[in-house]
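J.: Given next are the chains, with one letter for each unit.
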Amino acid sequence: MSLDMSQFHQTFFDESFEGLDAMESGLLGLDPSAESVDPEVVNAIFRAAHSIKGGAGTFGFAEIGGFTHLLETLLEEMRSLKRRWSSEIVDVLLKGVDATRAMLEAATRNEPIPSPSDLEQRLQDILAHGTEAEAMPERQSSQPESDAADKGMTTWDIQFVPEPDVAQQGNDPLRILRALASLGNVTTHVDSVALKPLTEHDAETCPLGWDVQIETAASEADIRDIFAWVEDACSLQMTRRSTPSAPVAIAPAAADPASAASSPKEQGDKPASGPAPAAAAGPKPKKDSVSTSSIRVSVDKIDMLINLVGELVITQAMLQQRGAALDPVEHESVLTGLSQLDRNIRHLQEAVMSTRMLPVDFVFSRFPRLVRDTASGLGKQVKLITEGEGAELDKGVIEKIVDPLNHIVRNAIDHGVEMPADRKAAGKDATATVRLSAWHQGGNIVIEVADDGKGLDREKILAKARKNGVDIAEGAPDSEVFNLIFLPGLSTAEKVTGLSGRGVGMDVVKRNIQSLGGAVDVSSELGKGTRVTIRLPLTLAILDGMTVRVGDDIMVLPLASVVESMQVQPADLRSVGGERSLLKVREEFVPVIRMDEFFGYRGSTEADRNEASLVVVVEDDHEKVALVINELVGQQQVVVKNLETHYKPVPGIAGATILGDGRVSLIVDVGGLQRAARQRSRPIAA
Amino acid sequence: MSQTTHPEASSTSTKTPSGAHHENDDREYLTFRLGEEEYGVDILKVQEIRSYDTVTKLPDAPEYIKGVINLRGTIVPIVDMRLRFRMAAANYDEFTVMIMISVEDRIVGLVVDGVSDVITLDDEHIRPPPEISAGSLDTRFITGLGAIDDHLLILVDIDQLVGREGLALTDHAGTSQSTH
Chain U
626 MSLDMSQFHQ
636 TFFDESFEGL
646 DAMESGLLGL
656 DPSAESVDPE
666 VVNAIFRAAH
676 SIKGGAGTFG
686 FAEIGGFTHL
696 LETLLEEMRS
706 LKRRWSSEIV
716 DVLLKGVDAT
726 RAMLEAATRN
736 EPIPSPSDLE
746 QRLQDILAHG
756 TEAEAMPERQ
766 SSQPESDAAD
776 KGMTTWDIQF
786 VPEPDVAQQG
796 NDPLRILRAL
806 ASLGNVTTHV
816 DSVALKPLTE
826 HDAETCPLGW
836 DVQIETAASE
846 ADIRDIFAWV
856 EDACSLQMTR
866 RSTPSAPVAI
876 APAAADPASA
886 ASSPKEQGDK
896 PASGPAPAAA
906 AGPKPKKDSV
916 STSSIRVSVD
926 KIDMLINLVG
936 ELVITQAMLQ
946 QRGAALDPVE
956 HESVLTGLSQ
966 LDRNIRHLQE
976 AVMSTRMLPV
986 DFVFSRFPRL
996 VRDTASGLGK
1006 QVKLITEGEG
1016 AELDKGVIEK
1026 IVDPLNHIVR
1036 NAIDHGVEMP
1046 ADRKAAGKDA
1056 TATVRLSAWH
1066 QGGNIVIEVA
1076 DDGKGLDREK
1086 ILAKARKNGV
1096 DIAEGAPDSE
1106 VFNLIFLPGL
1116 STAEKVTGLS
1126 GRGVGMDVVK
1136 RNIQSLGGAV
1146 DVSSELGKGT
1156 RVTIRLPLTL
1166 AILDGMTVRV
1176 GDDIMVLPLA
1186 SVVESMQVQP
1196 ADLRSVGGER
1206 SLLKVREEFV
1216 PVIRMDEFFG
1226 YRGSTEADRN
1236 EASLVVVVED
1246 DHEKVALVIN
1256 ELVGQQQVVV
1266 KNLETHYKPV
1276 PGIAGATILG
1286 DGRVSLIVDV
1296 GGLQRAARQR
1306 SRPIAA
Chain C
274 MSQTTHPEAS
284 STSTKTPSGA
294 HHENDDREYL
304 TFRLGEEEYG
314 VDILKVQEIR
324 SYDTVTKLPD
334 APEYIKGVIN
344 LRGTIVPIVD
354 MRLRFRMAAA
364 NYDEFTVMIM
374 ISVEDRIVGL
384 VVDGVSDVIT
394 LDDEHIRPPP
404 EISAGSLDTR
414 FITGLGAIDD
424 HLLILVDIDQ
434 LVGREGLALT
444 DHAGTSQSTH
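If you're matching them up, the sequences are chains U and C in order.
Be aware that the first sequence starts at 626, since it is given in the working numbering, and climbs by one per residue.
Be aware that the second sequence starts at 274, since it is given in the working numbering, and climbs by one per residue.
One or more of the hints may lead you astray.
[As the list claims (entries may be wrong)] Within a straight-line C-alpha distance of at most 16 Å, the following computed EDC-like cross-link-like pairs (lysine to aspartate or glutamate) qualify:
1. K1273/U - D378/C
2. K318/C - D432/C
3. K1273/U - D422/C
Since the hints were made in silico from the structure, they are not lab data.
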């Protein structure tokens, strides 16, 4: 069949990677020591392995198919309770997941697919000899000829008529027949009634049907499995030749009375029922279990939608502005319409934005594995608790938060958590706890990584900081000292391990988080543990802003960083050393930045400077700064546009937006502004 | 709202200098005025022409970068060509237009005193730029000089101008500031 299968590869890869994730999380969720393992979980793991195997076979990835077949076989035995779960089996299966992932990754890159032969051998050993001496007969593979005598044979009449376009759906009827042949003795008869003369034949269709007689020990479900990929695209009739050995025929599964979980429905009520119902009524366990009501949409399309809605919001704001000038009595209906439009567009915008939102579980779900591997690699015992997995945030943010979080969690286990013996000596539980939690707070999401390890050592950090030439006072508050770990080169790891101390440190973490418009903070108590808190905006595309006038221009301050605004008299501003002045806000002295001067805007005159000024106090990273502006204009949601698309990054400016009147307005980056101000005030000192 | 006209529509005639009919290396240039001088840019790089509109100033920008405008939802920087070529600053009037130039996915608006015409030039009529910078003109941004009848057309190398060095539109500090 010369059909180009490669166009389906991407879907296969996507689904397989998802399947692997499902297997992994299922396996990690299992408690092998428990009396009984939830059969639904095992089924889910099995199904994932099964579809990867099936897909790999269909798309010609024989290595992947062969390997996952072993996994599937082992899982099938777990599922039918022929084996007991043990941590060894979970381990092997997890390694199998990794190996499969590596193979798939190689396949996505069109590289030669690595063969995990060691693991294959191990799986085969387990399958052949087992880890525990359970007296169940091993089902080595789905080729029952060898032990057919024990199982009893059934003869089935199968009438299989694929729809003419079966090949265009990526299915090859011959492959199915070959697969059938592997189950037992097959006699095939081709029904070519529909076949037209060669001159009229459309080479891309398949007008054939087959009558297959198969003598096999396999169960009906096994046979139907072969047709799983075409069950929607064919007519399939299966009839069992009546035999007296019905109960035995469903072996091997029936050999174990507890195995009813696997397929009780088909096996229980069909054996003697004569002609089986048509395929439409056939078993579709796979379909049912994965059919969540979702569709795959490319991110590009969603981003386009978001852009379009952004434009709509701008247009709407423009209309609103024009509408405000109308006489409310005369144009009542227009104004009602406008306010309705406003509401609808807000809803539309929220709905569209929510399509990009993913639960934070997408990040958290990878941590059980990471924690398990990291901890066992270091000989530590760590329990991971995750909370608030349902909190949603933007896909773009999620993708960028993975690496920093990885780093923080690894750090917590590597540096924070002590060895079990040390923990016991300190009177703690030998198993440490790492807690990952997420929650919404205002327009932000807060993600916290907390461990109950040994905490940060203030003195060590201070010593290291001094060695690196950081100027810090002896009596600096703890929070200030601890936040020094975010400076480059201040890893307090005593030795470089495979995990941390390699120089890519918390400074990179901090930079990454700041580039997302977020902030990171660390608090710690010696001997009790460390807590790293990340605050992130929910989305990068929309911002609640406070619009202010600076000179002739309107600027936007992110509402999230605005603390308060107030009117101050010139006398309230204390000048220190001439240049930078301070404003006393209650008991605090806050540095003042004159926005018009800072951004080089002309427009505020000497008179402007001397009269009472408006000040907006903003905060970033716990550092407050008072911005002198000329007028408070209002509050509105703005769509963040990138300046860098056609220009370059500007210090102190996070981006731009388009106001209702079509004009461009710059969005202030409070953190960047503070950094830029600091650099200007200390031009030489590094 | 500012009006937008496409150069094809706005130019009434497409003149061909005498005897320049034969070769295939004919190129069309949009000509514009800066003071007394006439310049040309490759018309294929011109996206559209807009009348001058208020721009939003950018902090920390060179003087010749007037600011940014909203071009149907994207933020586009605007460059005053007079200031870029170190000529006397112009008063913006009703003839002042912005030529929106698109080079390698980047869009830049050039403020000029006015657009005049679209002309076709072949290589024969283009002379190399002078080796030595004459006056204030920076020869780096000139591909050549076109002679039409008795006046001179200065052909602007728009890729150079919009590129890294020309307008300081990209980040000079390079890797240290980039976040990825």
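J.: For every hint, state whether the structure bears it out.
T.: Hints and how they fare:
| no. | hint | verdict |
| --- | --- | --- |
| 1 | K1273/U - D378/C | 14 Å, holds |
| 2 | K318/C - D432/C | 9 Å, holds |
| 3 | K1273/U - D422/C | 41 Å, violated |
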